[in-house]
Amino acid sequence: MIHFSNVFKRYESGYDALRGVNFHLEREEMAFLTGHSGAGKSTLLKLITLIERPSRGHCVVNSKNLLKLPRWRIPYFRRDIGFVFQDHRLLFDRTVFDNVALPLVVSGGNYKETVRRVHAALDKVGLLNKEKMYPITLSGGEQQRVGIARAVVNKPPLLLADEPTGNLDEALSDELIDLFQDFNHHGVTVLIATHDLRQVRRLDRRVLQLAQGQLIYDSIADA
Amino acid sequence: MKNYLLRHLQVFFYTLGQLARTPFSSFMTMAVIGITLALPAGLYVLIDNIQTASVGWDGKAQISVFLKPGTTQQQARALETKIRHLRPVESVQYISPEAAMEEFKRLSGFGGALDALEHNPLPAVLVIRPGDGHSDPESLQGLVASLRGFGDADLVQLDLEWVKRLHLLLRLAERGVWLLAVLLGLAVLLTIGNTIRLAILNRRDEIEIIKLIGGTNAFIRRPFLYSGLLQGLFGAGIAWVLVQTGLLLLTGPVRELATLYASPFGVQGLDTPTSLALLASGALLGWLGSRLAVGRHLREIEPS
Ligand SMILES: Nc1ncnc2c1ncn2[C@@H]1O[C@H](COP(=O)(O)OP(=O)(O)OP(=O)(O)O)[C@@H](O)[C@H]1O
Ligand SMILES: [Mg+2]
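Line by line, the protein sequences give chains A and B. Following the numbering used here, the numbering of the first sequence begins with 1 at its first residue and continues without gaps. Following the numbering used here, the numbering of the second sequence begins with 1 at its first residue and continues without gaps.
Hints were generated in silico from the structure; no laboratory data involved. Model, not experiment: these values are computed from the prediction. Beta carbons: idealized from backbone N, C-alpha and C, even for Gly. Heads up, a few of these hints could be off.
[Claimed, not checked] Example chain A residues on the side facing chain B (calculated, C-beta under 7 Å, incomplete): (1) Arg10; (2) Arg78; (3) Arg89; (4) Gly108; (5) Gly109; (6) Ile216; (7) Ile220.
Pulled out of the complex, with its shape left as it was, chain B reads as follows:
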């Protein structure tokens, strides 16, 4: 048993040495694998980030009632009271046009430029949060309908809708990423399979000799399997670096955007479990690709 492990270790380091001896071609293969894996991994992380960002809004519906321009503060307050007494409503918040302008100035950074406007173009808004028991689509639709009935309401917007739509889109995108991952995984399999096939053909003489002096198929297979596994692993490593670098480049702009929306959201890189999963799938694909190639081509090589 100890001997067996020792032999595997030997083959492992021998294969590592072989890869290091042809750094250029090894790197080419690994880079191809890296780029191929980086694509689904990067998209996955991106979608994951968007999901995290939107998780705070999940289910918490919010209805904005934009009041007609020219609605006085008294009219607005009266409407506020009326709405507060509607059954499904938990809270109503009145935002005057001035307050809306202040907030917009603060968040947009346009500050002084907005002072140049002759009059405030923003309408007053009532922000309504429905109670916990009333956030299902039917009750919300009913509430929206009754809000539309008030004369002073200009536009009633159910904010849940775009969240819902976003979630649907995300789910669709996620499905797409998985599909892409399967296809590109297949591409990795073929890349490695081809590399290993060439390696086998290159070492045809060596394989014949080893067969002649009593090497088993398992013995001949081993270095090729390790080679595929290592190339897949290093390829996944390159993919990891690519994804992390890409996310790092996004961090700055995203933080600015988040500040604009007063969101604490920041870009999350690949976490440890995802990183490990990426490396493991690279190694697994490498092993599998070379296993398929070896199985096919080793049988064809017989000493003569």
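Just chain A, with the same shape it has in the complex:
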């Protein structure tokens, strides 16, 4: 699903955020991306979603060569990736339902199907009864779950998350990570960037560790 070989990323400031990163993430795999603050975790996720372009190296995501993908194809490429942000990035002037429906509206789905899928996604994260509420009235954990429902509503084959448990207590974090695991059991490839080593230990999944832009540990390769 994700193939990185010898990938470099230099920001315009001249800072090398990634240096010679190599890894493969197979379809239906689940992995954690760890590392200290500033190690380059978010940068790596941004390359996968084409928020940033790699400076050098070879990236293939979902069978698309990211170096050759023209600008106008980017929106269509992103529809196959669900992205969960640490700060949820919900639209606060729209209801929970409208927030979750956004990816379907964007790709022009018909209304009946949209309603069905939004309900299914909200049901999955346990927020079906709050669809008419505005995000501002929800707790942090609930907002994060709305974000997850939005990420999975169009059933993308790849799910990325950047610090999804950042502000949550342990019980909520467990719930959330279990949710990701559940999606993985249904065939979704999952990559989670996190500081939360407790979750990493709890789940015993593959771990990729970055330090100063280099991949210093891969639990599969090093096993």
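Fit chain B with the ligands to the supplied structure of chain A, relying on the hints for placement.
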């Protein structure tokens, strides 16, 4: 295809709702556009009206020969006969000072006040219409010259001249209105462009998120284009109301003036084709203004 239209309709009503949600600022923008468009539209209609009013005189030259005071009726009649035999003349009408006074009394409404005059100050007039083949400027000038040669003629006035001058002025004014329309159209473009620019910046987060979840530029653009189009359209609607109201206020005085000149002329408001053209140009300018703004600013907003 049906889906596509449905989506456009959705965005249309969504945008309408958005405008209604901020009625004050929406109205401000539309009012600015309305006033800006009302100016050239109003002037255009005014000029159009003057042209309609003067169309009856177009080309029909008329020469008035004012006779010297003290010219007797016999002398006048003799002159009338002489003039009638000039080749380019089709008809001559003799208006005696008394008849001229009667007409003036009737049309001016001064009636009784004029009775107070000791004697009639109006001269006798011969009104001459040249024949159809002789209304070109050269023959008319020739005719005027020979009329001036008659001893009893005090003043010979070719009425065509001021009509011609009026037409030239109107044409000039029309050109001016078009120039004004282009400039003010540009102003509308900038007004809408700026409004849309602010709207885009206000919704920066939303645009970033939509880009992140796979919204195409066309999708993001659509509500802004509709917003510009609707604001331009409603602005043109306001301009229409302003122009019609202004004309309505003019109707009374103009009718009085027209009666004074025994003219059936009345103020014509914006007719249907002109109204439609006004609304269409408002909508088009709105769309174009927002298109320019969106094209410039959407590219700058990329998710981070
Ligand atoms: N747009 C940018 N321009 C310049 N430097 C950047 C940019 N974004 C990130 N960096 C730098 O790249 C390095 C890696 O950043 P990144 O956000 O990938 O780290 P991270 O591993 O996600 O850290 P954290 O755990 O704090 O989120 C940091 O030193 C950061 O300062
Ligand atoms: Mg980060």
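A quick look at each hint next to the structure:
1. Violation of the interface hint for Arg10 (chain A) is found here, the shortest Cβ-Cβ separation to chain B being roughly 16 Å, above the 7 Å cut-off.
2. Because the smallest distance between the Cβ of Arg78 (chain A) and any Cβ of chain B comes to about 4 Å, under 7 Å, the interface hint for this residue holds.
3. Interface restraint check: Arg89 (chain A) against chain B, minimum CB-CB distance 5 Å, threshold 7 Å, status holds.
4. Annotation: interface hint on Gly108 (chain A) holds; nearest CB of chain B at approximately 6 Å, less than 7 Å.
5. For the restraint placing Gly109 (chain A) at the interface with chain B, the shortest Cβ-Cβ distance is roughly 9 Å, beyond the 7 Å limit, so the hint is violated.
6. Look at Ile216 (chain A): its Cβ only gets to about 26 Å from chain B, farther than 7 Å, so that hint breaks.
7. For Ile220 (chain A), the suggested interface contact is broken, since its CB lies about 29 Å from the closest CB of chain B, more than 7 Å.
In summary, the numbered hints that this structure violates are 1, 5, 6 and 7.
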